[in-house]
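Participant: Residues per chain, in single letters:
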Amino acid sequence: MSTPETTVERERLAPEQELLTINMGPHHPATHGVLRLVVELEGEVVRDLRPVMGYVHTGIEKNCEDKSYWKVIPFVERMDYLAYFFNMEAFCGAVERLLELEIPPRATYLRVIHMELNRIHSHLVGLGTTALDLGAVSMFWYCFRERDRILDLFEMSSGQRMHTRYFQVGGVIEDIPRGFEAKLRSFLGEMPVRIDQYEALLDRNEIFLRRTRNVGVVPRQRLLDLGVTGPLLRAAGEPWDLRKAGGSSAYSDFDFAIPVGTVGDGYDRYRVRIAEMRESVKIAAQALDGLPEGPHIADDRKVVLPPRSELSTSMEALIHHFKLVTEGFRVPPGEVYYSIEGPKGELGCFVLADGSAKPARVHFRDPSFVNLQAFRDMCVGGYVADLIQNLGMLDPNLGGIDR
Amino acid sequence: MPDAPGLELIRQQINERNADAVLDTTFEHDQPALIADPGQVLAVLRWLRDEPGQQYRFLSSLHAADYLPAEPRFAVHYELLNMPRVERVRVKALLGDPAAGENGAAAAALPEIDSCVELFPTAEFQEREAYDFFGIVFRGHPDLRRILMPEDYVGWPQRRDFPIGGEPVLFTKDEPDSPGWYE
Chain A
2 MSTPETTVER
12 ERLAPEQELL
22 TINMGPHHPA
32 THGVLRLVVE
42 LEGEVVRDLR
52 PVMGYVHTGI
62 EKNCEDKSYW
72 KVIPFVERMD
82 YLAYFFNMEA
92 FCGAVERLLE
102 LEIPPRATYL
112 RVIHMELNRI
122 HSHLVGLGTT
132 ALDLGAVSMF
142 WYCFRERDRI
152 LDLFEMSSGQ
162 RMHTRYFQVG
172 GVIEDIPRGF
182 EAKLRSFLGE
192 MPVRIDQYEA
202 LLDRNEIFLR
212 RTRNVGVVPR
222 QRLLDLGVTG
232 PLLRAAGEPW
242 DLRKAGGSSA
252 YSDFDFAIPV
262 GTVGDGYDRY
272 RVRIAEMRES
282 VKIAAQALDG
292 LPEGPHIADD
302 RKVVLPPRSE
312 LSTSMEALIH
322 HFKLVTEGFR
332 VPPGEVYYSI
342 EGPKGELGCF
352 VLADGSAKPA
362 RVHFRDPSFV
372 NLQAFRDMCV
382 GGYVADLIQN
392 LGMLDPNLGG
402 IDR
Chain B
90 MPDAPGLELI
100 RQQINERNAD
110 AVLDTTFEHD
120 QPALIADPGQ
130 VLAVLRWLRD
140 EPGQQYRFLS
150 SLHAADYLPA
160 EPRFAVHYEL
170 LNMPRVERVR
180 VKALLGDPAA
190 GENGAAAAAL
200 PEIDSCVELF
210 PTAEFQEREA
220 YDFFGIVFRG
230 HPDLRRILMP
240 EDYVGWPQRR
250 DFPIGGEPVL
260 FTKDEPDSPG
270 WYE
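Heads up: the protein sequence lines correspond to chains A and B, in order. FYI, the numbering for the first sequence is 2 to 404, going by our numbering. FYI, the numbering for the second sequence is 90 to 272, going by our numbering.
Since the hints were derived computationally from the structure, they do not count as laboratory data. Heads up, a few of these hints could be off.
Claimed, not checked - Derived pair list, reagent style SDA-like, types lysine to any residue, alpha-carbon separation capped at 25 angstroms: (1) A:K72 - B:F116; (2) A:K63 - B:R179; (3) A:K324 - A:D67; (4) A:K63 - A:A358; (5) A:K68 - B:R248; (6) A:K63 - B:L183; (7) A:K359 - B:D139; (8) A:K359 - B:F116; (9) A:K324 - A:P75; (10) A:K359 - B:N107; (11) A:K72 - A:D290.
Stated by the list, open to error - With beta-carbon atoms standing in for the labels, derived distance ranges: (12) B:N104 - A:A386: 48 to 58 angstroms; (13) A:Q222 - B:R228: 23 to 33 angstroms; (14) B:S267 - A:G180: 46 to 56 angstroms; (15) B:E191 - A:T263: 53 to 63 angstroms; (16) A:N215 - B:F260: 50 to 60 angstroms; (17) B:L259 - A:P293: 47 to 57 angstroms; (18) B:N104 - A:N215: 44 to 54 angstroms; (19) B:A189 - A:T263: 47 to 57 angstroms; (20) B:P231 - A:E101: 35 to 45 angstroms.
This structure is a prediction, so every number in the text was calculated from the model and none was measured. Don't be surprised by glycine CBs; every beta carbon is placed ideally from N, CA and C.
Just chain B, same shape as in the assembly (with noise of 0.2 angstroms):
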């Protein structure tokens, strides 16, 4: 794992080519993270996954969060690991909602941030669940649709302001109270 100031080396060599990717270093619990912007996240995998020296060319897992009530709300998570040192980095993208505040069709607006199944073929299936539960666009996707939801669902279950909500349970009791449930 890189440590802290390693974390703040790679830092500075991403925002010397790129100037600005990488806003933020965390490093909690022995795991580093690098705070990316959303607009530049390809740029800054593309030098994880490229670059002498790190070769982080496995992506083991996407997937994104909801921060509600913190502002950016979304994050879209990529746990990258080089295999042969066994290391692993995080980079995470935060992203604002769109629809925040807004009303009418502008209400309906999604967050957005760049494909990266082009630099990771594995990515495909988790965007495409990122996109399912939390309405995060992926540009540039080559598929993206519902994966896991049915495909006429509306609404983006996985955010916080969702409700949990729940069907009400028929019992044999209560149908004389509810003529034609089963229609």
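The shape of chain A in the complex, shown without the other chains (with noise of 0.2 angstroms):
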């Protein structure tokens, strides 16, 4: 048998070309989590680079083996914490895929709606923190304040600001609340001027162009090889999303555009997520526009709770609550992989079920995870201060990672 745990050694250079080998994180305000880098150095240039992961690793997968499928959701939301409700689609999704459950049309665009939103929040998120490392502070002030506004209509929809829980195996767990509505729209209505002010603030920024245009651009072959998804990829003018090729939700009824890069530098990366973020508030108008009537959730009583006004009136309704609450639902056995554009890329869901109440495996397809891998290509032969914009840009999620 092989010898696996020997760290196979890695092409040196000349022993007149001095290396320094510095150690970046995993406690780096810089790595957006935390992700330690083990960097090598020729003077001020990067010659390689290792990432090593796995410092928050907390077993999410295995401990998802050991619960009912309604208590796994709460459970991966958790992975990667800015987009959980893409956590959720996926796994909800690949459940309702075992049990060929149809969810009715307003849970869709519901999901669709909260899915956008977490888009627009997730990449305020990056974008902020990138520009903060950047030394554009006020930006990420500005990026959060928004943010915020996203959160308070998750806290309204769902009673949570962030790991809301909001998705089911199904359908939604509640339709919008009164009022939802005119809060949404007036957010819808002024994001795009909020856009219009970041690249303001951004576009023509002499430093920010410095820094971010031809840095880290990666041909766009050596990406699809690397496996990498979403923004990073369309960027390199790839225009590749599974919004429109998955078929899988209610896209098809909207109308937007998927933004490409033409380099695939910094600058591109930045580009895209700002017209993504535009296209995001476009497809959640779209969804608010035409949200159908009707329930909210299946009306299969074997896997959806009952209606709590039920509970008192009906026994069938309280054996099922009881039987649901108490053992959750069983799954045929089979196995299926279920994926989703993330706003980081391709992100998958693979359950094994077994027949019983809980999932056999639970894998997640992170984007943060394999898009990692392009990091190496991006950094050597550049600067270490190119190194902080090429992971900003890059955009990952150590919670995603390691999970």
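Put the complex together from the two separate chains, hints included.
Facilitator: Here it is, written out as structure tokens:
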């Protein structure tokens, strides 16, 4: 047998070229989480780089095997803690496919509204923290101001600002409350103006331009070989978006564009994210306008909790409620891989069911985890300062990487 | 997506070139899957990637699963994607447990499969993850180490026979009962 525990010696430079190995992180403010980078420097130039992760690994996938399906939902939300609606959608969608459960149109529209708000939220955090690393401190406050309004909306619909547990297998837990629509409309009306302001701050900012232009370019084919998806891939000119290509959710009902870049440098990545926020605003507005009437959750009493009002009048409803809360629903044996377009790329969820009320395996293909492989290609040959910019524009989420 | 007859056709075409490389096909929940012989999985992947008319050039995801108590118990899943046609196909390689029923040194034997990093560079981290959690050794992987668990960790935590465990929580009121708890 091979000895996999030993580190394979990487290519070394000639001894006259002196290299300095430094350790960035795990607690470095610019790593946006607990990421450690072992960087080999020749002067100011990065010659080699290895990401080391696992510092916030909490065994979520293993723990999911010990929880009934409906208890897994809040667990997987905490993987990529900036894209919780997407994690829920990936898991619920996979279980719905295993159950072959149709979800009502109103539920798909409500899911789209929340996911698109979540996409804006995730991009805002990424943009704000990256701009902060590049010295644009005010950007951070502007981005987090708008993010807070999104969190207010989430709080209104679900009672929680983050990790809302709003999506259920079969639909969403509750219909949107009164007043949500007006508040969402006012946000959607205001957000394009705010995006204009971000652009006014950054687009002609000499420092920002010099820091991002032609930095961290990786050829498109190399990105595809490395499995990179999401804004990073689109910035390199590949118009790949599972919202258009997946055909999974209600996205085919909406009119929106896929923004792409040309060069694939840091500036293009920033531009693609900005343009995506505009598209997300458009999608959410269309979903709100076209929101169909009807139930917000499927009417399958073996899977979905009965309405609260029935519990005091209907014996069957009480039995169903008791069975669902104590044991949970059973899922017929099978396996499904379901992928959606998360804010950082393809977010896939693999669920293996063995016929019991608990999944036999839950695996998340997290986009940050796969995208991080392109980081070495982005940085080698560039300056240390560009490494910070590249990491910000890569926008990894360590909760999602380590799971 | 290739439908069930299309999948049989793919199986036939691969098996003409590599005898018994595809052992079986399944088509569940609209998701086609080829069950590949673990010894020839690279040939299957290469054919699906390079054959004109197939061109599954993107590996979306590589992950492992433990089907205990089924035999063979492990599986490595390759989720392949053809981007222009938006078609997905899954390749599954089932691996037995060489340590089953063994004692002594043989009980530490690990299942092995060829690494596909040469074909799909994206598999590097994901194969490390499968090794980390299931103890599946990928032959020819450039840097096969644990990726998320600590480097000195012993055991393969996502196997189904690995206990969930847990650590006892120490409350302040119980500290007098366990002197030296802080060591």
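Participant: What hint numbers does the structure not satisfy?
Facilitator: Hint check: 1, 7, 10, 11 fail, others pass.
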